[in-house]
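Q: Below are the chains, spelled out letter by letter.
There are 2 protein chains.
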Amino acid sequence: MYRSQNCGELRIDHVGQEVKLSGWVASNRDLGGMTFIDLRDRYGITQLVFNMDTDAGLCGEARKLGREYVIQIDGVVRERSSKNPQRATGEIEIEVTGLQVLNASKIPPFLIENDTDGGEELRMKYRYLDLRRDAVQSNIIFRSQVAQAIRKNLSAVDFVEVETPFLIKSTPEGARDFVVPSRLNSGQFYALPQSPQTFKQLLMVSGFDKYFQIVKCFRDEDLRADRQPEFTQLDCEMSFVTQDQVLDTFETLVRNIFREILDIELPSFPRMQYDDAMKYYGIDKPDLRFDMKIHHINDLAQGHGFAVFDNAESVVGICAKGCAVNYSNKDIKKLTEWVQRPQIGAKGLVYVKYGADGSIKSSVGKFYDDDQLKTWGEHFGAEAGDMLLILCGEEESTLKQMGQLRLEMGDRLELRDPSEFKPLWVLDFPLLEWDEESSRFHAMHHPFTSPKKADQERMLNGDHETMKALRADAYDMVINGVEIGGGSIRIHDRELQAKNFELLGFTPEEAEDQFGFLMGAFEYGAPPHGGIALGFDRLCAIMRGQNSIRDFIAFPKNNQGRDVMIDAPSPVDGEQLDELSLSLNLKA
Amino acid sequence: MYRSQNCGELRIDHVGQEVKLSGWVASNRDLGGMTFIDLRDRYGITQLVFNMDTDAGLCGEARKLGREYVIQIDGVVRERSSKNPQRATGEIEIEVTGLQVLNASKIPPFLIENDTDGGEELRMKYRYLDLRRDAVQSNIIFRSQVAQAIRKNLSAVDFVEVETPFLIKSTPEGARDFVVPSRLNSGQFYALPQSPQTFKQLLMVSGFDKYFQIVKCFRDEDLRADRQPEFTQLDCEMSFVTQDQVLDTFETLVRNIFREILDIELPSFPRMQYDDAMKYYGIDKPDLRFDMKIHHINDLAQGHGFAVFDNAESVVGICAKGCAVNYSNKDIKKLTEWVQRPQIGAKGLVYVKYGADGSIKSSVGKFYDDDQLKTWGEHFGAEAGDMLLILCGEEESTLKQMGQLRLEMGDRLELRDPSEFKPLWVLDFPLLEWDEESSRFHAMHHPFTSPKKADQERMLNGDHETMKALRADAYDMVINGVEIGGGSIRIHDRELQAKNFELLGFTPEEAEDQFGFLMGAFEYGAPPHGGIALGFDRLCAIMRGQNSIRDFIAFPKNNQGRDVMIDAPSPVDGEQLDELSLSLNLKA
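Going line by line, the protein sequences match chains A and B. For the first sequence, numbering that gives the first Met the number 0 assigns the number 587 to the last residue and increments by one with no breaks. For the second sequence, numbering that gives the first Met the number 0 assigns the number 587 to the last residue and increments by one with no breaks.
Simulated from the structure, these hints should not be mistaken for laboratory data. Just so you know, these numbers come straight off a predicted model, no measurement behind them. Treat the hints with care, as some may be off.
[Unchecked claim] Covered stretches of chain B (chain A as the covering partner; in silico rule of three or more C-beta atoms under 8 Å from a C-beta of chain A):
| id | stretch |
| --- | --- |
| 1 | 203-209 |
| 2 | 344-357 |
| 3 | 384-397 |
| 4 | 435-442 |
| 5 | 518-527 |
| 6 | 549-556 |
[Unchecked claim] Not close to chain A: a few residues of chain B, all C-beta gaps over 12 Å, as computed:
| id | residue |
| --- | --- |
| 7 | Asp-133 |
| 8 | Val-159 |
| 9 | His-294 |
| 10 | Ser-418 |
| 11 | Met-466 |
Here a beta-carbon is modelled for each residue, glycine too, at the ideal position from N, C-alpha and C.
Start from the sequences, fold in the hints, and give me the full structure.
A: Here it is in structure tokens:
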């Protein structure tokens, strides 16, 4: 036996007991007559004491122990003279009577502490050491707790967790698949699932009624900063449900999780139309931790001789509280450059400052008099000291730019507190997006999403313009401006599904080849159904107020999709490729 | 809203209530004045009644409903005149007042009933219909319950579920990997994990202390009848543990699961040495539901002039109760042919029958007199009516043959009751197996398994013969003759791990290239650790007394590794291969 207790559980009640502990040497302090070692494991840190007077030999051995050595000790629990109230074990220490080194350690390449000196690359290469740091380890343990709580809650309301296959069929729709060559079926490939979408729908056809799964999904995308080629979804589907029932179910789930894990009582989730989200926040995932709604001021701004506004489809603004004073001309110039960056793409930025002294200053002051600008201010609810920021142009892009600027100002004004949680539902997304470039429709959510009941007849018989206006029973869950997940009521009718594929540019043959099994299933008594998928990595990160999902994944890939610790991907030998009937075709 | 209750929850207490139900038409019986429909969902079946006298129109509509139509009804709960005690809802029925067809159904290609008329192939093609059958659906729901119970039990004793990556590195050791070409890293490949072995060991190095995961694993093997290219493991690892502690932990887990899910109290698991399992059962996974131990009778059988026995390394036998009468000469001839099949490979079969009348008959009667054969019978504990079956030859192969014969006799005598559970641990497997053909050692468990403490010194310094005799801290959990899983205490010392790789035929460069990250991790304070992996599909099947894992997997592959429902694997287009820098290389 290596231990009688772990390093986190001894208390004042244990004083006098003989114990055996094992763990890592977190620190080793030689104070002359005494040597103190902090012994660490997942559960905590316990202080060990070696006394030169009592046992010089043992104390000498202890002094030689380096950081991260794995040791096993025998000893007696003693009350500490100087207690450490920061630590659960802080009232006691162990007077060591026996010591055994279980494994030595080289000096780690970075400090195993919350504030480490290790850079990203080094931490990834030695991920097994990085995972010893409480800052990372506690995230992974937290993740496990969230998964456990989700499973408990969903099982309690009759959801069944069903595993769907990982070796499935490649489909060109959506993001790029990872493919897996089949040796037993030469020249053929499996694909790794981007989501279990079609399988969960088939489970509904099978009558499973309520399905969930916490499951890995795969996308071979060019990786952005916080994307991973493999990621985890909480995937769910229900039969005989309306949109409202799906929203209620998963709102309850998320509120329960926050309560059980974080002891936080979330408010009930406001439900916002997609059109309103775009109109008032310039984005389909508004951050409601701060107000700063977008105001549409065509009425106020146009017809006063300022051609830029007069010629714009849309003039919109936000009110930045207290910024009239803080923002110098230079600051405003920088902010203008910020909105003009290609990532944002605005042409320019108009401001109106309402000074603390009642004065009004604006970059369009020569087109509008103070009375007019005062009316603007009243419209925005601006007070003395506030500043309006105004953009104009084509409506859709201008709203997006303003949405970005709103978030930027929220950041600058520190209105986006990571410990505050503002969830909402965004509802009734458009069914289809027209893509000018490829001159075809794309599915806004995915090809299995149902148009709203009122739109189904129009979808089957409508013209091109009708299609653009179709609304879907599709919804996103948003917390703090982050899309946690989304879902929809699905099509369960073969004809409607075929029509949707047609609108998305599939020939009947392509639709049959790729999704014939699903459309076939719809002919054998498919129930109405709908569901949702939540980004599990993202949910965990946001619950802990963190931005990056990477430290919620035990062994993440870097931005090139590499695991630098195990050095994957890597070449395979020719024999293996031969067996797969493949050859490499590398460009010089 | 589609329903106020599901099809399994209405009881006599609900009589008089107006309800709304949705579900599938399981049967439709027209009895002239009345039409009865069984409405089915996952939760049960509720009987609907349509009365010609009350509402002829509605009743007429009901008569048109085919099997598997999805309908929604309104109605009033009534007490049934003829109750069905077999059914939880059998005391009531619904007098229907409103009917809506939610989706029609073509006639299913096979009966959606427990005794279906659908063959394996048809059932796989229409798996979504097969999964409607309670016989299959209840297995999948059972599986979800087992997973949930495992998670609850392991979390309760501080295990953390950590997800390990699916896109890892290919290693030539062990079974064949599925590989995944990387687009972002041309010419390089990920591999899908055969198990999370190295990652869970790294998690121990990271201090996670107790890890588990219910996780998909992948093996590109030529598929045998009941193997799947993707399968699910309960994968576990613990730090600072001895073999006994691992066994206790997972024995407790399995006993808890059986108690919670099946209400069955398993006995504590006997622990048997690998050597004893081979000696007394001729197999490393004895079925203890019946006794019929193998007896070694060289002492009795040799030196009496029967050259076949005299020249054999080993003479072994079993006692088949009651078979003296039942087995005619013709039966024994057939049994002899059975052991002579190439799959078994025995040269011949000797019998000794102890007749009910005290007579003794044997195929070696001319070499042994009745007194001698009587002594044999006493040695085996044979009673009047029993029959000894004896094989001889080279010890190892003869024991294996006898092990097979023992199981065959167990089957024939119906001693292997699928509702009885006899678990055990088999312990102390050899560390290495010498493979004559490739003239090298193979790891009996896997390359990370630790030799027993007493053998570690001998492993580092011993000769070839010593290596053959090394015993490992390796163990298998066996239930009813099926290996449910296995594990070991792992090596946590770099030198010992390097030595093991050397014995397994790795050059130092190969070991470093493939497992350098793990050996590196051992240099930074790796704790002693060990674990286990249980076959989750198999565990579920055996708990329900079933032999095939296929009906515990929602969407299994067939023996060619194909999913015939979605038609995967399948060709991918040339553009996709180009992006992966691959070309097909098909033999004509």
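Q: Each hint should be assessed against the structure and marked as holding or not.
A: Hints, one by one, checked against the model:
For a cut-off of 8 Å, the count of residues in the stretch 203-209 of chain B with a CB near a CB of chain A stands at 5, and the three-residue condition holds. With 0 residues bearing a CB less than 8 Å from a CB of chain A, the stretch 344-357 of chain B misses the requirement of three and the coverage assertion fails. Under a criterion of three residues with beta carbons nearer than 8 Å to beta carbons of chain A, the stated coverage of the stretch 384-397 of chain B fails, only 0 such residues being counted. With a threshold of 8 Å between beta carbons, the proposed coverage of the stretch 435-442 of chain B by chain A is violated, since 0 of its residues qualify and at least three are required.
For the stretch 518-527 of chain B, the assignment as covered by chain A holds, since 8 residues bring a beta-carbon within under 8 Å of that chain's beta-carbons and 3 suffice. Only when three residues or more bring their CB closer than 8 Å to a CB of chain A does the claim for the stretch 549-556 of chain B stand; here the count is 4, and the claim holds. A Cβ of chain A approaches the Cβ of B:Asp-133 within 12 Å, the least distance being about 10 Å, so the stated non-interface status is violated. The claim that B:Val-159 is not at the interface with chain A is violated, since a C-beta of that chain comes within 12 Å of its own (minimum 4 Å).
Listed as outside the interface, B:His-294 is consistent with that label: its C-beta sits roughly 39 Å from the nearest C-beta of chain A, beyond the 12 Å cut-off. With 12 Å as the threshold on Cβ separation, the claim that B:Ser-418 sits away from chain A holds: the shortest Cβ distance comes to roughly 25 Å. At roughly 24 Å, the least C-beta separation between B:Met-466 and chain A is larger than 12 Å, which holds for a residue marked as non-interface.
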